[in-house]
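Dock chain B against the given chain A, drawing on the hints supplied.
Number of protein chains: 2
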Amino acid sequence: MENSNRREFIKTVGMGAAAIGAGIASNAVPAMAKDEKTFKWKMVTTWPPHFPMLGESADKIAEWVNEMSGGRLQITVYAGGELVPALGAFDAVSQGTVEMGHSASYYWSGKCPAAQFFAAVPFGFNAQSINAWIYSGGGMELWEKLYAPFNMKPFLAGNTGVQMGGWFNKEINSMADFNGLKMRIPGLGGKILAKAGGNSILMAGGEIYTNLERGVIDAAEWVGPFHDLKLGFHKAAKYYYYPGWHELGTAFELMVNLKAWNSLPDDLKAILNAATYKSNIWMLSEFEAKNNAALRELIDVHKVQLKEFPEPVIKELKKLSKEVLDEQAATDPAFKEVYESFLAFQKNIYGWNKMSEEPYQKLKYI
Amino acid sequence: MENSNRREFIKTVGMGAAAIGAGIASNAVPAMAKDEKTFKWKMVTTWPPHFPMLGESADKIAEWVNEMSGGRLQITVYAGGELVPALGAFDAVSQGTVEMGHSASYYWSGKCPAAQFFAAVPFGFNAQSINAWIYSGGGMELWEKLYAPFNMKPFLAGNTGVQMGGWFNKEINSMADFNGLKMRIPGLGGKILAKAGGNSILMAGGEIYTNLERGVIDAAEWVGPFHDLKLGFHKAAKYYYYPGWHELGTAFELMVNLKAWNSLPDDLKAILNAATYKSNIWMLSEFEAKNNAALRELIDVHKVQLKEFPEPVIKELKKLSKEVLDEQAATDPAFKEVYESFLAFQKNIYGWNKMSEEPYQKLKYI
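Listed in order, the protein sequences are those of chains A and B. Just so we're aligned, residue -11 is where the first sequence starts under the working numbering, counting upward by one. Just so we're aligned, residue -11 is where the second sequence starts under the working numbering, counting upward by one.
Hints listed in this document are in silico derivations from the structure and should not be mistaken for laboratory results. A couple of the hints might just be wrong.
Same chains, same names: a pair is fine if it fits in one copy or spans any two.
[What the hints assert, rightly or not] No farther apart than 20 Å at their CA atoms in a straight line, the calculated lysine-lysine pairs in the PhoX-like style are these:
id : residue 1 : residue 2
1  : K48       : K257
2  : K247      : K303
3  : K179      : K226
4  : K342      : K352
5  : K310      : K350
If we strip away everything but chain A, and leave its shape as in the complex, we get (with noise of 0.2 Å):
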């Protein structure tokens, strides 16, 4: 919609010249009195101590929310384990022990499978699209009714982008690869992965390097170059696949107990919605200015071999996944109707992609 010329705007687009003056009183509101007391709150986090990109994005969150409420809102970030067990944090924001949390909402399946939605599910959203659900498809009033019972309330905080499918010590040639395969990949990935034949052995993040070396298992997912080159695993394995057919665009939330929430003035309420928004878009934007980077070192500096599932394999994993989600929404009426919204936006977006998103991405090669 580029215009060049001076003339372009004064004819407005069919709705008529505007009166010179008339600007639009967008905020009539007079300087408001403002409750000046300070509030001092507890984040916890699932993530180690400033753990790059995620738990960066927790301090950042905490330091914007600071400067704009010049200090009526200090928020003290405690890393998982600190102040309660790392996957203890939705208990304790739900519970009123803190007043925020920060993570990843498939954390919860346990106690509230559809939340897996609102961070990635198998052969879900990119990035830009669960934003294009969760802030104007409908997604965020599902997601605050699925946490209102736990006296919640859920922003979008942060996105990975599309991840990469794992670390691999044998081939994958073919869905018989994976009879027998010992992988790190928990949630609905193992899942879908045990329907495969394989095993999905769980285990904490610092033993997956030791495990893949000492061969307890043969793959491992993480998340993707930035983040695997920092914790070393190409020195335990050889290929490292793609794509993250289980993350495409791993959604970061933070909570907010309800109570804690409803004591906010306006403008701190305000200043903390920004502050998501903002550390949405800065985590994904940092991910994908440094991926790059680390996946040339793996490759040219450490001889990784990539390589891309191939297409039967992943045909039939997209297969298992509808089979994983549909058992689950058949049990499970609030899983059932995120699941429906989710399956219609995606429908509505897939859309949109074949004349916008798809050509994109070929045309590096024409």
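Okay, now just chain B, sitting in the frame of chain A:
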């Protein structure tokens, strides 16, 4: 990186267990005595009043800043032509006539050709990649350097996502079909059309419909389905082409007069900054969520013929685009500096796209 057991993060990832209660003191700043002065600012825009998405986004920035600041920063939004001519926004902010302007930086190609990179250039970035370049890839520093001599500080404030290629009354089957083609396509896209033998015709947005219908022009580009349906172009043209090779993720800007910016206390600076991030992600999410329904209506109800530009045509347009950008870089050192950063980041992000967004876009067909 999904985790499903509680032990997972208690052993942190190679960083040693964190001491309980050692919470990150991310905001040790005490509640500050705030400058309670109220600022009443003017924002001029290049949009018709409350124009969908674009004008709305300007209105929302004002609304959010008002909320977050508790009324201490009140912004009145003016449509194009109300206070100054639409394309007078740059000068008005630069000269301090008003404090802010909401626009797209390619409108200033006459004064500052390099500014175009921060809106859209042909075969440039999509929304996700321009965000990554500007926020995390050095783009913002270059943009600030570019606007500093004009006494302005720029912010990213929105994105249309991938646009459509435009409305045509004749088919484009080969480059020969551009010979003598009269098309409303301004800016760099227009220069490329001219190189291809066509005629770039300038006209106001409100004149496009009539000129298309009467055959004064053969084709016109605007934005995408959501906007184009509202403007009724389907009543004046038969073919709707994609992709919008000339605008693959057009970004919008908030320009702030530097002296005005420097007069703000730190909390209001942080608030204004966060509002632009929110606006950026809000607008893209709205376009992404709404384009498909508009496209379906155009095709199913209004029987528009959707067409993809043939690959040899795209290939040639891409070659001409490179010529146009290279020619400008050869005569303009500021343009050259930004172009080099753009090209380096494009190489970087294309490398990562191959393992991430490219395979993501293919999954729907597997």
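Identical-chain pair category, K179 with K226, by Cα at 20 Å
For K179 and K226, the Cα distance exceeds 20 Å both inside one copy (24 Å) and across copies (49 Å).
How would you label the pair K310, K350 (within, between, both, or neither) given a Cα cut-off of 20 Å?
For K310 and K350, the Cα distance is within 20 Å only across copies (17 Å; inside one copy 28 Å).
Intra- versus inter-copy proximity for K257 and K48 (alpha-carbon distance at most 20 Å):
Close inside one copy (17 Å) and across copies (16 Å); limit 20 Å.
Using 20 Å as the alpha-carbon threshold, which applies to K247 and K303: within, between, both, or neither?
neither (46 Å within a copy, 58 Å between copies)
Using 20 Å as the alpha carbon limit, work out where K342 and K352 are close: within a copy, between copies, both or neither.
both (16 Å within a copy, 10 Å between copies)
Taken one by one, the earlier hints fail for this structure at numbers 2 and 3, listed in ascending order.
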